[in-house]
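Number of protein chains: 2
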Amino acid sequence: MTAYRPVDPPARVLMGPGPSDVAPSVLRALGAPTVGHLDPMFLQVMDEVRAMLRPVFGTANEMTMPMSGTGSAGMETLFVNLLEPGDKALIGVHGVFGGRMAEVARRCGAEVVTVDAPWGQALDPDDLMKAAKAKGPFKVMALVHAETSTGVLQDLSPMRAIADAAGALLLTDCVTSLAGVPIDLDKHGVDAAYSGTQKCLSCPPGLAPISFSDRAVTTLKTRKHPVQSWYLDLNLIANYWGGARAYHHTAPVNMNYAIHEALRLALDEGLEARFARHARHAAALRAGLQAMGLELPVKASERLDPLTLVAIPEGVDDKRVRGRLMSDYGLEIGGGLGQFAGRAWRIGLMGAASTPRNLTLCLSALSASLQAEGFKPKADPLAAAAEVLAG
Amino acid sequence: MTAYRPVDPPARVLMGPGPSDVAPSVLRALGAPTVGHLDPMFLQVMDEVRAMLRPVFGTANEMTMPMSGTGSAGMETLFVNLLEPGDKALIGVHGVFGGRMAEVARRCGAEVVTVDAPWGQALDPDDLMKAAKAKGPFKVMALVHAETSTGVLQDLSPMRAIADAAGALLLTDCVTSLAGVPIDLDKHGVDAAYSGTQKCLSCPPGLAPISFSDRAVTTLKTRKHPVQSWYLDLNLIANYWGGARAYHHTAPVNMNYAIHEALRLALDEGLEARFARHARHAAALRAGLQAMGLELPVKASERLDPLTLVAIPEGVDDKRVRGRLMSDYGLEIGGGLGQFAGRAWRIGLMGAASTPRNLTLCLSALSASLQAEGFKPKADPLAAAAEVLAG
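Just so you know, the sequences run in chain order A and B. Start counting the first sequence at 1; every next residue gets the next number (our numbering). Start counting the second sequence at 1; every next residue gets the next number (our numbering).
Source of the hints: derived by calculation from the structure; they are not laboratory data. Treat the numbers as computed from the prediction; the structure is a model and nothing was measured. Check the hints yourself; a few may be wrong.
In silico BS3-like pairs for lysine-lysine, Cα to Cα no more than 30 Å straight-line [claimed, not checked]:
{"#": "1", "chain 1": "A", "residue 1": "224", "chain 2": "B", "residue 2": "88"}
{"#": "2", "chain 1": "A", "residue 1": "221", "chain 2": "B", "residue 2": "221"}
{"#": "3", "chain 1": "A", "residue 1": "130", "chain 2": "A", "residue 2": "299"}
{"#": "4", "chain 1": "B", "residue 1": "378", "chain 2": "A", "residue 2": "88"}
Can you make the complete structure from the sequences, with help from the hints?
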């Protein structure tokens, strides 16, 4: 006999940087009976997941599928498959995840050149272009589309030209943008991208959707050295997800049920409508936060709809406020990461969690918790939010 | 709108090499509401998972936890953390998974020496000892405890002395033994082991339990080069699963609910009772198969209770029989892998699927399907199985 009781999680409201609230039908799909990883029914699930991922990524790439790990495994998948020892990588760093990309690339034996921007700002395309021309050629150029550590959205439109000047494949982190913000890999000429399931797809964490262009696949297939990770070797994995169905590893069957349902919900809603919903609710949340007198460190043109960075006012205790939101309201918002630790909160409105109900609850609960800290809101956040929602 | 219908898997009976049938309470745990990966409730789940994994592995190792990937990610975790470029690895190969270990070790830049045994047989300790003495010293010695490709159980008792002669850490693959067969890492002096969730734990695939001895941890901490995989770097991951709770990657929350419940069920049953159940049902299955006149290629002393290899009789079509079992009975058994492809089947009786009902169904359905192929059973398999079950 064990002393442990069965898992019985409380119903939280997840408005941090992810995981986000999971839709009931996705949880039901997750808990459906497991079948074999070569069962005809599961092979159909795999095919449909691939087909549904393509429009969400905005691509026709044949090699589009979920890797059997979390978002960080997706990041590692891109670098281990596309870099070889001695290759050069140009990497934009303006937050935790750009820094992580540089670290992963170094562990592949690559020579890494970073182009930095202050945290809370987007990368400057001119800086990237200068480095591309002065320090190239590069094998890959990588940057974060949606910096989960800062809530900054990077405009991808100038990047293909810069990558061309660098002679590089263009790689992007789309962890917090996928299914919440348009990505348009093909339009922007992105060669490889990765994401996670637990942000705007509102699926539990555990899979990392990736997409590789034909050019990236050619780079992969003409490698001189084997991919250093056997587990993430796309040469092998493509034979399971593709036509041959050759056993590589045992796919996480139930997690693939869940992403299937999450993708279905996204496409049923319609991607344009889904993006508009994320934008509308983010605008209402920001209006409410600003009405209270809180500062948003990211400038308006670079804000990421699914995740809003808000400065913690002077004299307010970070952990006490987040603790009160959790204990009194069951509401999770995110602390700051890296340079923003203790200085800012991250409030997510992602996927199924991007609702008027959630943003209203968050503004109300945050206002009350800040007042308990002695902070006086300037104006009524709910009125400001309601005005935006009313359009 | 998408054209795809919600996932609605049929209720299979999973008697292949895994995944095995998942207990209803494990599926319910899997589908419970997602909470944040730093939620106090989830941190408690993590602690309890670690505490429950230790007795199942037969260890007191502090560094015992599930990795966020499938069993093969567990394999890679051991090698990337313990090997550095130029290290020597002694690896026993008597099936697919020993061969995979050698490949993974090579991709870590190690010099690999293999000791081979014919598929369907255990490794010969004398062969290993000779290589340990003649070709050592080695950094690691690795072998498969339960070869999922052949159904062979390797006796671990002589291995510590051989690893000592090699000057090596002792590594074992316990994918198909964990929670179905005694492992006793500490008793056998194993330094690092990995497993998967979808075999005798009867949890869906998606996590890889691992355990590292203090000596293995020391090797990890005194590395000269960074671990080549950032995602699997135990130096970093230990800071999340251990006291500091430092964010590394977003843990697969719901999969950890599921392994928590699967471990709870295993400990509630009692490990000795659980091992005895696997042994009893395996004996009954084998008696039934042999009564029909089918051959078991693995000799009696080396058979793995959770997975039985059975030769496909002359003139019988592999795929047609497996197809009939699936279409007529919803019953999945495994085809052969590697050298046994088309020559043998693999029948699993793992975890929640190791029941008299399942072995009876399998013997009945297989007998009927073989007769449809023109094969004449020698004797009644059910009578032979019932005799074993009656004790």
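Structure-based check of all given hints:
1. A:224 / B:88: 23 Å, holds
2. A:221 / B:221: 35 Å, violated
3. A:130 / A:299: 24 Å, holds
4. B:378 / A:88: Violated, at about 67 Å.
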